[in-house]
Amino acid sequence: MHRRIVGLVVASACLCAAQLEAQDFKLFDRDVALHGFASQGFVYTNTNNWLTMNSSQGSAAFTEFGFNVSTSVTDKLRVGAQLYDRNLGQLGQYHPSLDWAVADYRFKSWFGVRGGKVKTTLGLYTDTQDLDFLRVFALLPQSIYPTDLRDATIAHLGGDVYGNLPLPRRLGDLSYTAYAGHRTDSIYSGYPYYLSSFGAQIKSYGGLQYGGDLRWNTRLKGLLIGASRMNEDMTGKGLAINPFSQGAGLVPYSEASKADWTNQFYGEYTAGRLRIDSEYRRYWRNQELFNGLSESFADVRGWYVSGAYRICKRFQVGSYYSRYTITNVVTGAFSALYPPATDTSLPANHDYDKVITGRVDLNRFWNAKIEGHFMNGYGSGPYPNGFYTQVNPQGFAPNTNALVVKTGVNF
Amino acid sequence: MKRSRALLVAAALMIFGAANSLAGEIKVVANPSVKTDMISPGELKRVFLEENLSLDGAHVEPVLAKDGPVQEAFLQQYLGLSEDDLQTYYRALVFTGRGSMPKALGSDAEVVAYVARTRGAIGYVSGAASAEGVKTLAVGVPSRNAERKLLIRVEPDYPETLKRLGIGGTVRLGVSISAKGNVERVELLGGNPILGESAAVAVKKWVYSAGRSRTIIGVSILFDAR
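Line by line, the protein sequences give chains A and S.
Oh and the first sequence: position 84 is 84 in the numbering used here, straight run, nothing missing.
Oh and the second sequence: position 9 is 420 in the numbering used here, straight run, nothing missing.
In isolation and in its complexed conformation, chain S is listed as follows (with noise of 0.2 angstroms):
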């Protein structure tokens, strides 16, 4: 009895974690074998321009959400161009022998399936969307350990009942740290989204040296169970 109460309280955990990572207006997804899992908005722009198609080294291909407002606002967030804006330039590149159009498809789940079967597919999604079987990549400036010093840490709770059931292991969280050291906003890349959002609360009352931006990092966060 006591057992099936844990899970159920787990199971809601899961629910109210993994929708409240959902939060965002857009979640840039990648295949798994993309390596890396954070992408500058720089870099976002050139691989969708198809000026640099490789991150970390591997080959990555950029894929399109059809008309929508999820389009238009990556497009304008990150692109700076319109749909006919960038329409055309895809077809200068295809009709020039410079490059190729990329995939459009029609929905977020249909994104999210060829971004999980495709190896180093780059799409976006809604922030709402399913990201079963992809990783969401942060959006940032990676910022160097030097120029961030973490100075205030909190540790995060583990939940008991994951605990006394064994769930653990490592959640990534992308961190948005403001220009004056507080962390703003914190995304969940990866991982128990239960552990996430515990990871979350504690990341959240970190405190950094003072940065001339704000910048962005990954953050790691090992729950042992053992």
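Pulled out of the complex, with its shape left as it was, chain A reads as follows (with noise of 0.2 angstroms):
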């Protein structure tokens, strides 16, 4: 019943929404801005189900939306906050998060600091992924940006510094990020849920999360190339089944980093209603598992190529190839019960997703998207790639076509 509710608020306010412009109002003699988002998506799958979603059944269980306020106290600093909140298959559940709550001072345009809770700058996309109506796609490319596991890189609560330097002799400028703080991922989060599969009931998942982002905007026109490392320290907690007896109740639960490290590389070009980009990332997690009983090591790489058209003001296209793999290799105690999974040629350890898009702008602030994902491979490992074996029971079969239909509306 609840989720009912919500749902016809989401679409009553997709309604309205379209008929709303950003709203501006006076307080304390400032002008304060409140903006807003929703979006409600419906998925169609023919075999598994995805992104934890009874998608072979179809499923509207894809909603989010987000609100913000935001004012600048001076000509220097501005302050402003976002509340965010979503229901995606099992994950998120409208339990509504602060998504970001950010002092920026600038000082120069070569140098400023933010603090707060901050979205977190990684690659093309990661502070934006959330912002559907921004892009043409329904789903970024899931080897890169996975919807399930949004909370892993998407904000933390610490401090940014930032800048852009012209360059001299016109060779462009360069956009500077450097960051840190902690990460807290909500337990209605995917990873959480992932773990969920072996019984473990996590009660807190975080940690130290730093890097930085370096972009260079080039002399050619539209040519944007960059770089983003992250290293994190992270730390679960919570209680699992026994795996040795599993009928002895549950025993306390704990992984924590040894090392934890992402690389991503990029670019876009950018030509008239020509948008092409493409990324590259690398993550790598090394971690201690029930207090050093075992150890994991995870590689999972994933690149994609991406082009979107678009053919009049109203009418965009896009297509993506993304791909993913994941190897995973567990030492010690647990070595037995997880056999080293290396070859990414398997289903299980890969996800080749080619996918095709149209979007529909009914109005500046209402859109509306149809997708077609047609992917190889489920690779499900120890980072999953939207794949779950709880929504999946049964076991998953090797291909799996998508179909996505979204509406969104933004003011």
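Keep in mind that the hints are not guaranteed to be accurate.
Here are the computed lysine-lysine pairs in the DSS-like style, where the Cα-Cα straight-line distance is at most 30 angstroms [said to hold, decoys possible]:
no.: 1; chain 1: A; residue 1: K26; chain 2: S; residue 2: K446
no.: 2; chain 1: S; residue 1: K546; chain 2: A; residue 2: K108
no.: 3; chain 1: A; residue 1: K26; chain 2: S; residue 2: K546
no.: 4; chain 1: S; residue 1: K546; chain 2: A; residue 2: K76
no.: 5; chain 1: S; residue 1: K591; chain 2: S; residue 2: K456
no.: 6; chain 1: S; residue 1: K456; chain 2: A; residue 2: K221
no.: 7; chain 1: S; residue 1: K446; chain 2: S; residue 2: K456
no.: 8; chain 1: A; residue 1: K221; chain 2: S; residue 2: K591
no.: 9; chain 1: A; residue 1: K108; chain 2: S; residue 2: K446
no.: 10; chain 1: S; residue 1: K456; chain 2: A; residue 2: K313
no.: 11; chain 1: A; residue 1: K313; chain 2: S; residue 2: K616
no.: 12; chain 1: S; residue 1: K514; chain 2: A; residue 2: K313
no.: 13; chain 1: S; residue 1: K477; chain 2: S; residue 2: K574
no.: 14; chain 1: A; residue 1: K108; chain 2: S; residue 2: K514
no.: 15; chain 1: S; residue 1: K546; chain 2: S; residue 2: K574
no.: 16; chain 1: S; residue 1: K546; chain 2: S; residue 2: K446
no.: 17; chain 1: S; residue 1: K477; chain 2: A; residue 2: K221
no.: 18; chain 1: S; residue 1: K446; chain 2: S; residue 2: K616
no.: 19; chain 1: A; residue 1: K258; chain 2: A; residue 2: K203
no.: 20; chain 1: S; residue 1: K477; chain 2: A; residue 2: K108
no.: 21; chain 1: S; residue 1: K477; chain 2: A; residue 2: K76
no.: 22; chain 1: A; residue 1: K221; chain 2: S; residue 2: K514
no.: 23; chain 1: S; residue 1: K514; chain 2: S; residue 2: K546
The set of hints was computed from the structure by calculation and includes no laboratory data.
Using the hints, put the two standalone chains together into the complex.
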């Protein structure tokens, strides 16, 4: 009942917001801006259930929305905050979160600081991955931006330094961001959900996250290239079924990073109505399980090439090819339970996704998308890629085709 | 009789001068609190992309025009973006807490009125729009004096009627100089339009030393009525 009411509210918001403009009002003689967005999707898959939804039956459990307020306190100081909520299959479940809450002071164009809960800069789209209305695609390439694992990269409680430096000899300009803070995953997010497939009940998951991003707007008009790096020191705690004696009840569970880093390289080219971008990400994770009883080594690699073209003001088309592979080796006490998974040609260790999309802008604030995914593999290793055993108890089929229909509004 | 005829001629010249100064497709206009008279294309881009919201140490605020040919030409010429790309850019700033959506106004008159009353505001209007209450900024790369030396200077005529009426003052011009050193284009940035017209006629005959590329400089000329 609760979900139906929320769904109805979001659907109403979709219709009403089509008429909305951003709202500005005065508070203590300051202009305060209020913006928001909402989207509703429907997913149908022909075989496996995807993204924790019951998608093989057709699922509309694909709702998200957010609202923000912001104002300039002085010429150089901005403050603002955004509330975000979603329901994606078994994830989110309408538990709202503070998406970002930032005080941003820009001393000069080449140096500014922002602190609070800050969106993490990692590659082209990490910080904007929820903002469906900014792009043609209903779902970003899941090899790099797995929507079920958004909490892993979306924001940190800490601070950034950032700036923009014009380069001499008309070589373009460089933008940099360096950050450090604490990442906290919701217990309703993808990774705790994945661990629950082993009987683990995660009570907390998070830790230190720090890194940087450097992007070069080159001399060639429309061409941007960049690189990002992120290091993490994560700890997860909770309870789990004793793996050596499943009838013995729950025992304390913990996992902790020994090495955890991400490298990402990217390029984007826009020329008139055409936009092409491509990214490569490697995520390496070495962690201790059960207080050092065991150790796992996961190597996740993903890349995509994407193109989008605006045919006319209201209609865009796009396509991408996204490739995800994972290898995992477990040593120590659990090595017998989890045999090495190193052959990326197996469907269990990869997901190759071919995508086509069409987007219609019904007006400036309201869009609708239709998207086809043609996936080979289900890459359900220790850093999952949309396919979970809990919603596929019968096992996985090697191929999955998906139809995604989505509509969204923003103001 | 003689005096009223002089006033009539002055008025006619004013109208002609004003109309002539409107040449050009887009005018970048700023609130008089903005200290600079000239802005480079790079600075203009950084202001409108909210990467740099100060000029000469003073805060500035970009102001947009709504859809239309002026908007389209400005975005294409100075930002290299389409209207849709720009909206996407601003929305990404707004929804990640990194910036705000600039004010967007429906007509040249609204842009000029808003810029005139808002400290630090910078906008753009068609070349034919009135710039009353705002200053027009020359857009170009400032030249270092050593780089473009003035070789031939022609003094402007001081219109007899204005001199007799005691009308004088300083006019400010934006001067575009070709790589060879010829003056290609003169734009009146401020001052009496009739005096500006006279100054522009003279400045078009000026010759500078050759440079590596086209440059734009600001020139001020005093018409002393005493």
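Checked hints:
no. : hint             : verdict
1   : A:K26 to S:K446  : holds (28 angstroms)
2   : S:K546 to A:K108 : holds (25 angstroms)
3   : A:K26 to S:K546  : holds (28 angstroms)
4   : S:K546 to A:K76  : holds (24 angstroms)
5   : S:K591 to S:K456 : holds (27 angstroms)
6   : S:K456 to A:K221 : holds (13 angstroms)
7   : S:K446 to S:K456 : holds (18 angstroms)
8   : A:K221 to S:K591 : holds (27 angstroms)
9   : A:K108 to S:K446 : holds (17 angstroms)
10  : S:K456 to A:K313 : holds (24 angstroms)
11  : A:K313 to S:K616 : violated (46 angstroms)
12  : S:K514 to A:K313 : holds (22 angstroms)
13  : S:K477 to S:K574 : violated (43 angstroms)
14  : A:K108 to S:K514 : holds (22 angstroms)
15  : S:K546 to S:K574 : holds (25 angstroms)
16  : S:K546 to S:K446 : holds (10 angstroms)
17  : S:K477 to A:K221 : holds (24 angstroms)
18  : S:K446 to S:K616 : holds (29 angstroms)
19  : A:K258 to A:K203 : holds (20 angstroms)
20  : S:K477 to A:K108 : holds (29 angstroms)
21  : S:K477 to A:K76  : holds (26 angstroms)
22  : A:K221 to S:K514 : holds (27 angstroms)
23  : S:K514 to S:K546 : holds (19 angstroms)
Violation of the numbered hints given earlier is confined to hints 11, 13; the remaining hints are satisfied by the structure.
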